[in-house]
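Use the sequences and the hints to build the structure in full.
Those protein sequences? They're chains F and R, same order as listed.
The first sequence runs 1 to 79 under this note's numbering.
The second sequence runs 1001 to 1270 under this note's numbering.
A few of these clues could be false.
Here are the computed lysine-lysine pairs in the DSS-like style, where the Cα-Cα straight-line distance is at most 27 Å [what the hints assert, rightly or not]:
| hint | chain 1 | residue 1 | chain 2 | residue 2 |
| --- | --- | --- | --- | --- |
| 1 | R | K1094 | F | K67 |
| 2 | F | K74 | R | K1154 |
| 3 | R | K1154 | F | K67 |
| 4 | F | K74 | R | K1101 |
| 5 | F | K69 | R | K1156 |
| 6 | R | K1156 | F | K67 |
| 7 | R | K1154 | R | K1101 |
| 8 | R | K1042 | F | K69 |
| 9 | R | K1156 | R | K1194 |
| 10 | R | K1102 | R | K1042 |
| 11 | F | K67 | R | K1101 |
| 12 | R | K1102 | F | K67 |
| 13 | R | K1223 | R | K1190 |
| 14 | R | K1091 | F | K67 |
| 15 | R | K1154 | F | K69 |
| 16 | R | K1054 | F | K69 |
| 17 | F | K69 | R | K1101 |
| 18 | F | K74 | R | K1054 |
| 19 | F | K20 | R | K1156 |
| 20 | R | K1091 | F | K74 |
| 21 | R | K1154 | F | K20 |
| 22 | R | K1042 | R | K1054 |
| 23 | R | K1091 | R | K1154 |
| 24 | R | K1118 | R | K1054 |
| 25 | R | K1091 | R | K1042 |
| 26 | F | K20 | F | K69 |
| 27 | R | K1094 | F | K74 |
| 28 | R | K1156 | R | K1102 |
| 29 | F | K69 | R | K1102 |
| 30 | R | K1091 | R | K1101 |
Hints are computed from structural coordinates only; laboratory data are not their basis.
Chain by chain, the residues run as shown.
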Amino acid sequence: MSTIEQLNAAFVSALDIDEKQISDELAYNSIEEWDSTAHMILIAELEDQFDIMLDTDDIIDMSSVAKAKEILQKYDISF
Amino acid sequence: MISASKPIEGSSEPRVPLEQAAILITGAAGGIGRACVIACVKQGWHVFAAMRNKQEGQERLREALQSSGLNNVAQSADLLTLLEYDVSDSKQVKAAFAQIKKSPYELVGLVNNAGLMKDSLLGMTSLDDFDMQMLVNVRASFLHLQLASRLMTKNKQGSIVNVSSVIGLDGAPGQVAYSASKAALLGMTKSAAKELAPLNIRVNAVAPGFINTQLTHDYSAAKRASVINNIAVGREGQPEDVAATIMHLLSAQSAYITGQTIRIDGMMSI
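What follows is the structure in structure tokens.
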């Protein structure tokens, strides 16, 4: 599975949305499904998918799909 | 206020099989910590026993396990993992959680037991002593709560027990800083319980009273008798008394209990 597929899988699983809804512009709290609880589930999914532990500051900053990609690159994950 | 939503369906059912389930216990070398390790191992959970000094703590834990007829446990990596770190050092705490995450076990329980008590009258309490108690009793517990809940979120199963104190509920002269730190744990418990309930993670606190541990070993006979005179059941508590309640809170038998503080004090008056 490519890293983008892993990323999408995490979003689909955590937010319970269709993969078609995922775009760089998709933002935290912009849809009903991406609320504060789902955000913590998303973090758990991303950590599991990429076998990493995110810093709290990165969790706070992860405000969109594009931002998630940017942050994950700090953990040597490229897209 | 950020609200939590979307409860998890069928949330009371354990999702992690017993053979993969693990409990992290901080302050595992202390009296209550050791009693919790023994009780959890007997329950069949893998235990991550966190202590500041592995060499010293390991010996104490080994003796306790042997006296409980669990000679094989200290040597078995399948049953017990010793973690050596300072709970007040966030980098070390994070590294410990990374080790748990990479292990074959899933964290389903946390006992926030590591604590620091420095008795002194209000006018004679240094800010350094105040800060140290807040650092160990509050900040370290917060960090463990934060990181443990992240690991538990993946499986949507978890129970966290914060070890507070009756002093946090009732207060006591000479313990203004300590009681403030233990009372802070109770607020943390209630808020975290509300926030994490939709993720099927429960958070409770216990408030032990006068328990026979290293912390009370230095009490004179007269002081000990005076304290026991104010305990309705007429005896000091044992670490096993505390561990039994913690075990209940960790287990699925308390699946409908969260955000609570349970006194374990034999009805003590302060």
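Okay, the hints, checked on the actual structure:
1. R:K1094 / F:K67: Answer holds: K1094 of chain R to K67 of chain F is near 23 Å, not above 27 Å.
2. F:K74 / R:K1154: holds, 22 Å
3. R:K1154 / F:K67: holds, 22 Å
4. F:K74 / R:K1101: holds, 19 Å
5. F:K69 / R:K1156: holds, 25 Å
6. R:K1156 / F:K67: holds, 26 Å
7. R:K1154 / R:K1101: holds, 11 Å
8. R:K1042 / F:K69: violated, 44 Å
9. R:K1156 / R:K1194: With a Cα-Cα distance of about 15 Å, the restraint between K1156 of chain R and K1194 of chain R holds, given a limit of 27 Å.
10. R:K1102 / R:K1042: holds, 24 Å
11. F:K67 / R:K1101: Roughly 24 Å between the alpha carbons, so the hint for K67 of chain F and K1101 of chain R holds.
12. R:K1102 / F:K67: holds, 26 Å
13. R:K1223 / R:K1190: violated, 34 Å
14. R:K1091 / F:K67: holds, 25 Å
15. R:K1154 / F:K69: With Cα atoms ~20 Å apart, K1154 of chain R and K69 of chain F stay inside 27 Å; holds.
16. R:K1054 / F:K69: violated, 39 Å
17. F:K69 / R:K1101: holds, 22 Å
18. F:K74 / R:K1054: Measuring from Cα to Cα gives roughly 33 Å; hence the hint is violated.
19. F:K20 / R:K1156: Holds. K20 of chain F to K1156 of chain R sits at ~26 Å (cutoff 27 Å).
20. R:K1091 / F:K74: Given pair K1091 of chain R, K74 of chain F holds - Cα atoms ~18 Å apart, limit 27 Å.
21. R:K1154 / F:K20: With Cα atoms ~24 Å apart, K1154 of chain R and K20 of chain F stay inside 27 Å; holds.
22. R:K1042 / R:K1054: Holds, at about 22 Å.
23. R:K1091 / R:K1154: holds, 22 Å
24. R:K1118 / R:K1054: Holds, at roughly 23 Å.
25. R:K1091 / R:K1042: Roughly 31 Å between the alpha carbons, so the hint for K1091 of chain R and K1042 of chain R is violated.
26. F:K20 / F:K69: At roughly 17 Å apart (the allowed maximum being 27 Å), K69 of chain F and K20 of chain F satisfy the hint.
27. R:K1094 / F:K74: Roughly 17 Å between the alpha carbons, so the hint for K1094 of chain R and K74 of chain F holds.
28. R:K1156 / R:K1102: holds, 18 Å
29. F:K69 / R:K1102: holds, 23 Å
30. R:K1091 / R:K1101: holds, 15 Å
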